[in-house]
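Asks: Combine both chains into one complex, guided by the hints.
Spelled out from the first residue to the last, the chains are:
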Amino acid sequence: MDKFENRKFVIYGIMVLIGLIFIGRLFYIQVIDDSYKLSAENQALVHTTLYPSRGVIYDRNGEVIVYNQASYDLMVIPKQVDKDLDTLKFCGVLGISKDDFIKKMEKCRRYSRYRASAFEKQITDENWVSISGKLFQYPGFFGQKRTLRKYALPVAAQVLGFVGEASRDNINKDAFYRPGDYLGISGLETWYEKNLRGKRGVKVYKRDVHNRIMGSYREGKLDTLPVAGENLVSTLDLYLQEYGEKLMANKRGSIVAIEPESGEILALVSSPNYDPNMLVGRARSKNYSALASNDSLNPLFNRAINAVYRPGSIFKLVQGLIGLQTHVINLNTRILCKRSIIKCHGTHTNDNLFGAIQHSCNPYFREVYRRLIQGGEFSNIYDDSRYGLGVWRDYVTSFGLGVRLPTDISGVSKGFVPDVAFYNKWYGDGGWAFSTIYSNSIGEGEMGVTPLQMANLAAILGNRGYYYTPHFIKSIGDKGPREEYLKRNYTHIDSSYFYVVIDALAAVVNETGGTARRARMDSIIICGKTGTVQNPTTPDHSVFMAFAPKDNPKIAIAVYVEEAGFGGTWAAPISSLMIEKYLTGEIKRPAKEQRILDANFLIPVKKSNESH
Amino acid sequence: MSRIKKSIFTNVDWPVVGMYLLLVLMGWLNIYATLYNEDHTSLFDFSQRHGKQLMWIGISIVVALVIALVDSRLFETFAYVFYGIGMFFLIAVLVGGNEIKGARSWFVIGGVSFQPSETAKYVTALAVAYYLSRPGVKIGNIKPKLIMFLMIALPGILIALQPDPGSTLVYLAFIFVLYREGMSGNIMIVGLVMVMLFIVTLFAKQSSVMMPFVDVEMNGKYVLISFLVLITGGLYLLLKNLNKNIWKAFAVGLLIMVGTVLSVDYVFDNIFKDRHRNRVNELVGIISDPRGTGYNQHQSKIAIGSGGFWGKGYLDGTQTKYNFVPEQSTDFIYCTVGEEWGFIGSSFVIITFLTLIGRLIFLAERQRSKFSRVYGYSVASILFVHFMINIGMTIGLAPVIGIPLPFFSYGGTSLLSFSILLFTFVKLDSDRKHLLS
Ligand SMILES: [Zn+2]
Numbered sequence: 001m002d003k004f005e006n007r008k009f010v011i012y013g014i015m016v017l018i019g020l021i022f023i024g025r026l027f028y029i030q031v032i033d034d035s036y037k038l039s040a041e042n043q044a045l046v047h048t049t050l051y052p053s054r055g056v057i058y059d060r061n062g063e064v065i066v067y068n069q070a071s072y073d074l075m076v077i078p079k080q081v082d083k084d085l086d087t088l089k090f091c092g093v094l095g096i097s098k099d100d101f102i103k104k105m106e107k108c109r110r111y112s113r114y115r116a117s118a119f120e121k122q123i124t125d126e127n128w129v130s131i132s133g134k135l136f137q138y139p140g141f142f143g144q145k146r147t148l149r150k151y152a153l154p155v156a157a158q159v160l161g162f163v164g165e166a167s168r169d170n171i172n173k174d175a176f177y178r179p180g181d182y183l184g185i186s187g188l189e190t191w192y193e194k195n196l197r198g199k200r201g202v203k204v205y206k207r208d209v210h211n212r213i214m215g216s217y218r219e220g221k222l223d224t225l226p227v228a229g230e231n232l233v234s235t236l237d238l239y240l241q242e243y244g245e246k247l248m249a250n251k252r253g254s255i256v257a258i259e260p261e262s263g264e265i266l267a268l269v270s271s272p273n274y275d276p277n278m279l280v281g282r283a284r285s286k287n288y289s290a291l292a293s294n295d296s297l298n299p300l301f302n303r304a305i306n307a308v309y310r311p312g313s314i315f316k317l318v319q320g321l322i323g324l325q326t327h328v329i330n331l332n333t334r335i336l337c338k339r340s341i342i343k344c345h346g347t348h349t350n351d352n353l354f355g356a357i358q359h360s361c362n363p364y365f366r367e368v369y370r371r372l373i374q375g376g377e378f379s380n381i382y383d384d385s386r387y388g389l390g391v392w393r394d395y396v397t398s399f400g401l402g403v404r405l406p407t408d409i410s411g412v413s414k415g416f417v418p419d420v421a422f423y424n425k426w427y428g429d430g431g432w433a434f435s436t437i438y439s440n441s442i443g444e445g446e447m448g449v450t451p452l453q454m455a456n457l458a459a460i461l462g463n464r465g466y467y468y469t470p471h472f473i474k475s476i477g478d479k480g481p482r483e484e485y486l487k488r489n490y491t492h493i494d495s496s497y498f499y500v501v502i503d504a505l506a507a508v509v510n511e512t513g514g515t516a517r518r519a520r521m522d523s524i525i526i527c528g529k530t531g532t533v534q535n536p537t538t539p540d541h542s543v544f545m546a547f548a549p550k551d552n553p554k555i556a557i558a559v560y561v562e563e564a565g566f567g568g569t570w571a572a573p574i575s576s577l578m579i580e581k582y583l584t585g586e587i588k589r590p591a592k593e594q595r596i597l598d599a600n601f602l603i604p605v606k607k608s609n610e611s612h
Numbered sequence: 001m002s003r004i005k006k007s008i009f010t011n012v013d014w015p016v017v018g019m020y021l022l023l024v025l026m027g028w029l030n031i032y033a034t035l036y037n038e039d040h041t042s043l044f045d046f047s048q049r050h051g052k053q054l055m056w057i058g059i060s061i062v063v064a065l066v067i068a069l070v071d072s073r074l075f076e077t078f079a080y081v082f083y084g085i086g087m088f089f090l091i092a093v094l095v096g097g098n099e100i101k102g103a104r105s106w107f108v109i110g111g112v113s114f115q116p117s118e119t120a121k122y123v124t125a126l127a128v129a130y131y132l133s134r135p136g137v138k139i140g141n142i143k144p145k146l147i148m149f150l151m152i153a154l155p156g157i158l159i160a161l162q163p164d165p166g167s168t169l170v171y172l173a174f175i176f177v178l179y180r181e182g183m184s185g186n187i188m189i190v191g192l193v194m195v196m197l198f199i200v201t202l203f204a205k206q207s208s209v210m211m212p213f214v215d216v217e218m219n220g221k222y223v224l225i226s227f228l229v230l231i232t233g234g235l236y237l238l239l240k241n242l243n244k245n246i247w248k249a250f251a252v253g254l255l256i257m258v259g260t261v262l263s264v265d266y267v268f269d270n271i272f273k274d275r276h277r278n279r280v281n282e283l284v285g286i287i288s289d290p291r292g293t294g295y296n297q298h299q300s301k302i303a304i305g306s307g308g309f310w311g312k313g314y315l316d317g318t319q320t321k322y323n324f325v326p327e328q329s330t331d332f333i334y335c336t337v338g339e340e341w342g343f344i345g346s347s348f349v350i351i352t353f354l355t356l357i358g359r360l361i362f363l364a365e366r367q368r369s370k371f372s373r374v375y376g377y378s379v380a381s382i383l384f385v386h387f388m389i390n391i392g393m394t395i396g397l398a399p400v401i402g403i404p405l406p407f408f409s410y411g412g413t414s415l416l417s418f419s420i421l422l423f424t425f426v427k428l429d430s431d432r433k434h435l436l437s
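Residue numbers (our numbering), protein chains in the order written: chain X, 1 to 612; chain W, 1 to 437.
In isolation and in its complexed conformation, chain W is listed as follows (with noise of 0.2 Å):
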């Protein structure tokens, strides 16, 4: 620390508060509305959501001056043991938690609610800022690869074991933060091939292909295999001259594909419970269904679609009140902006995340310290994820997952742990200068 007394707001990087405290304005004005009748008009009013939003802005206000307080290094030292905090919570939310709406993710204490998998994000962010910061880890080796995996994988499976696999999601968000640090990039390709096989299976598993010369009906996944083999093979045919080693490559390739058909067949039909099966095939299209399982997206964009270019203005929305959108004040809070604020209102509120993320992006890039960087990437990364999905399944391209609109939706945990997650980042940009990797 420098000897010269300075106020914790030196080097705060206005933008990024500014732009925080943007979106929980927005967020708290849409709840608001989402609840607004006549008979309930007070805006402080406690035993109503949006009062006790309010409540929750506050508290994350005075959270955020707290860890501006703080020593910064203080992330750095204990990152492992908040990870084990976290991870304890989420052993116990299994064992000790509520079950709500068929989850075991909430502690309730004493009409306060906590949810351990929203806090979770955040200290296996830090968790992972710490281990890459450590001299001699280096991405592209075996062992570092592994306990990255676990480390991510842990809370990931833990959470999907309650389960909420909407919020195991989320830990993809990693893989931006890895591929930044070196690794192949391959795996960012690899992802996108598989989700590509994974809705393509899906399709071909509903059909069956009558083979020609001898008369067996073939289920569309084994034609789609005998596919995979047949080109992976015919390009390795092809190009084996080029590279004596190639094989290996086609080999792993081929064993992926394959092995992502049948696992998909297998996850869908037997981990995925019948409301996921559904979502994912109402989103693709294979059911249509708009009063049943596609109902909640088939109102999501009624309500958003109705606002039209200017929207039908604040307090006037009709399908975000009087629950046409079920879940309107959390997950579906989007609609609600749709809905009042038209075109013009939703953009707005998509350009001002994006500016956000992009921000984070650019000042992890300006910090000297790894640890500073690697946290930095993970929040912006958490926060896309998040932003993506909710808004993707709000309006369509994003199966129903229920995760909450960072700063947006109602809940206090959630606002709360997101503000923590970025204010500790605004902290550790603050004190960059004193910060060396």
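Next up, chain X with everything else stripped away, as it sits in the complex (with noise of 0.2 Å):
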């Protein structure tokens, strides 16, 4: 029509330019760079961890050992804190230096200006109480809720363990964890980690630019409630517990009590020891230092599972059983006390086993060993004790000796009974026989044994044969008795040739002149062995090893007291006012709990004469 017409198609043409630019922009910015929907995410909304309450930690009665009490973290967003900030006022809101301000304020700077960090952690309710209501004052700080542990009693610290923040390690390890999460550091608290620790909650606000909250985001769709970590139920008396830290006090040493119908744990005091409640809250890493660099008491030491002893002459017991069992002696078999090799003590000459146990002869088992390592099975001397001891170690570790038992706690040792690879490797293949190695009969030698296998014994002499894995939880949540721990194991001696032993362990603590008189008790018969770990130049170590009754026991028990002395002296007693406190509830006997309770064998002495 006009000749401009044709102008139509550069306008459109720049329209359609001009439209083509803008989608393929906005193609970039919401199809292809993810930057704008990450500061999104930041900026507009904010998840709010809500942290679940620990599994609570009961005894075998019901008794509530560890649960948690409410406290706060003070978070803070630097970005948001008032440049203004009247610091002076605020730091004595919080009971805190202006020194200490202008650090954790540079530390939660330098890990986000726009993100919450704590600011200061564990305030406890009642401390929470005062700050939280001036907090409005302060834009940027807010709390955050959280739980720490707290114990009925200051008791049984080692075996629970202590709960502690997640490290850079843990976090790395584990993608359950985050800054700022807790978890179980040792014992109980770590090994049952995954039932104790529940799962985290979210919730997630929208809020405004002020950093005003302004709701729930999508009515709640992606919020979560945070789950309860599971409850377990221990298998600790948790009075028997206090009462064996209290009679262990100012001792260096352990008891390990168990039930030997079930493994159940009654009791695993490990003295020196401490108070639970150290290790929780705003001091723990200090006051953790602090044990962790004490070395001459360690009391973060588990000796009951962990210190590897020579177990001594209780192990004659044990030599005594595979003896009869591999038919070397009978019932009815004598042996001289001959002393020349190995010394002995009493007036005894001639004693079958039960004499022998009795009277713990040296010179007995020593050849009741003779003849398990070199019994002419070869006739070179070398091949036959390489022979011997192999079979010797196959009964001997079916006692739970020289193998970790699977308790569950970590840190438990295997303690040691030597093998042939072991003896080869130190004398060389064929430079060692039975004389080489003889002491192990008397339970010297190279051998090793932890309280907690010593206990575990008791429990297999008082079953006659077998035991079941010692063990702290029972039942996780109401989900009741745990199948792992149902199973007997059974030892390779028949359980006949238990009662001679048992008859001769009743002995020992009830007839006149027994070792272990001190044990005794009118009511229940106690069956236990002595044990004294011999040191070369401090006192021998206190060791004591029993059950009772001596029918259907429903305790087994091993004491160890360091540097005490003879077994009968302090470790024999400490057993007995264990198990009457366990089966009767009271003690009747206070002048010998109160003798207890006065030994303090934690001033170093030098060694006497007195040995056994």
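Bear in mind the hints are in silico, worked out from the structure with no lab data behind them. All the pointers check out, no bait thrown in.
To spell it out: a stretch of chain W is covered by chain X in this simulated footprint if at least three of its residues, at any positions, have a beta carbon under 8 Å from a beta carbon of chain X; those stretches are:
id	region
1	172–182
2	297–303
3	306–320
4	348–354
5	357–367
6	391–400
The calculated SDA-like cross-link candidates involving lysine to any residue, where the alpha carbons are at most 20 Å apart (straight line), are:
id	chain 1	residue 1	chain 2	residue 2
7	X	LYS121	X	LYS134
8	X	LYS121	X	ARG109
9	X	LYS107	X	SER167
10	X	LYS37	W	PHE309
11	X	LYS79	W	HIS298
12	X	LYS104	X	ASP86
For each residue, glycine too, the CB sits at the ideal point set by N, CA and C.
Replies: Pasting the structure below:
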């Protein structure tokens, strides 16, 4: 129509071009580039963690051992903190110094200026009441509810373990954890971490540009509730545990008490110990360093499962049982007490097994061991010993010795039962025979046993030949008995062979002149055996192992008191008191108890001549 | 008029009306979304912006019906009168207007506010159409050019004095109209070169160059001028044999370029206020300060970018609520579309706008009356410039210039003015058979 009409195509072209540029740009920022989505999330949404409460631990009678108390972390978003904040007044509210304030603020700022981090952690409920009331004056600060562990009684610290903040390492290893999470660091807290920890919840809030919360995001469709951790029912008897710790005060050593018919650990004391409340809350890291650097007492060390001692005379019981089972002796076999090679005590001369146990006759068990190790299977004594040691060791390990008991706590030691490889390495293959290793016969030499294994040995004797894995937790939540702890572990010894040993143990405690008379009770027949671990320069360790009553025993126990001397003097009466406490519920022998409570073996003593 | 009584809806272009209603509806839904919260869920709460906007939509539709009833020759007849009234209000607002956010752009009378710059676009479009459709007016001549320029520049300058430089920019829309009506295309090329030089100058003046041989430091803009002189001179020497008069073109070209560089510097440093300067600097990337100067645009991009392909869902946006994006129901309304309706929804809005504008150009071309054609082009161009600057701003392709997205943005005067602008053309188009040039 007119000559400029075609110019409409130029105009159309420009519009289409702009349209394409805009759509291309939109495609880039909406579909290709993710950074805007992240910015939006960070800006407009607040993810609040809802921390679950950690599982509670009960004792065998339903008493609470560990529970939770509310605490608060004071969180801060550095960007939102008032620039004209009255620092001194704020420090006054919190009870911290200005230097502290600057240091903490710097740390939070380094983490992130826009994200919340903990300014002050684990403020107790009581302190929080006064702080939270004033918090509205300080924008950027808010509280985050947490929980802290609390202990009904200040006992069983090494068994329960403690809870601490997840380290970088924990977070890298397990994606479950995030900075600021708590987890079990030792003891049952760490072994049952997955049960106790529960599941975090999250609540997503929308916020406005002034960081005011504007209600839940998408009507809470993304929110989850926290799931509390599972409660644990422990095998411990809280009051027996408390009593054991009381008896062991001022002593170095341990007590392990097990219920033979179930393998349930009734008490596990390691002394010196500490108050578990020390490793809770704000003071934890300071107290932990103090405990960890205490070399002389080493209260963090759990001797009951981790300290390895030579078994001493108590091991003679195992030797006797293996001898009976392998028929190298029978009940009537008598062996001369020849004290030329190995010394002995007392007036006996030619005991059978019962007498030999009662008198703890060294030559007797040396001879039994010789028959076991060098029994004449091979004409060459070296070949014969190599064979004999292997057979013997199989029997010994069936008692749970030299193997790691699968008890539900970390740090359980295997103890040590020497094997062929061990001696070959030491003396060379063919370089050793019975005469080289005979001191094992009386529990000296290279043998090593933990107090836990010793108590388990007492349970085996009480059960006449088998044990359940000693354990601390009998039920997770209310699921009831646990499969893995219902299995009987049989020794390779027929139960009929145990009776003579048990009679002898009863005699040791109950007959006039028995080595463990101090363990005797009028009402209950205790079967036990003293042991003495000899030390080169310091007094011997006093050891006693027992179970009671003689028939259908309810408690098996091992007591170690380091550098206290003869086993019958200290370990035996402690065992007896523990048994009395557990079986009767009260102590009717206050003098005996007072003697133990007064004893202090933490003061270094020179070795006396008393030995056994 | 035909003797046969006909409906006012005869010959109305329904696609345009349909797209108008679609845009207004989408705009209203998004205004509702920006203000939506659990406490105010009522659609018809007239204390809220979405309620007021609904009222303005109603008023606009009534006004559109009134326009349909009037005689379409009226617009042509009273074009200059309207223009005069429009200019009067622009002057009046400078004298007696209410100052809001540092600009005298508003009359506020009894709670109702009125923005004369919104209606000025309409009356200017009418006046330009009227002038160009006078017999004997040839755009190639000097006098019409000058009158044309003054007619468009007058409202532009008055608005710039408010100051509202963003709304002044809208008058660039008439370049499309004049181009269509025969003005040399060079003006568009010159405009493009000027914009490019403007940006290059901004960068050049940031740096300085140590001149070789003479130990003098020289500001980048003078280096730029030297380059322009050298290149133009060189080209002239190469091409001077082609045409004897070519030196004139080169001289004018060089003068414009050097003038641009020097004036850019002057305008930028002396006329622009800090916020204008910062917006331009932020856009071209000379400064980057997402929490300060660039905050609006940064937030706008976050909102749109976070929408993803499908969007977060209607009313489920997080950025376009709670004031992360400022002016979220007015100038930045497109962010809500981007966030809640995603790439799909945002593209749909762009396509709808361009389809509407394309349709208007198509309608303009079928007019027999020159007045109607020029007016139609003016409407299409004004809508296009608003569209281009507003959306370009929200997605970070244009500086932050506060002008509304037509039919979408919250604002009574704006919606009403755009509706009048559009429906006047719809009316002219429906009467096209009776309007002859
Ligand atoms: Zn003897």
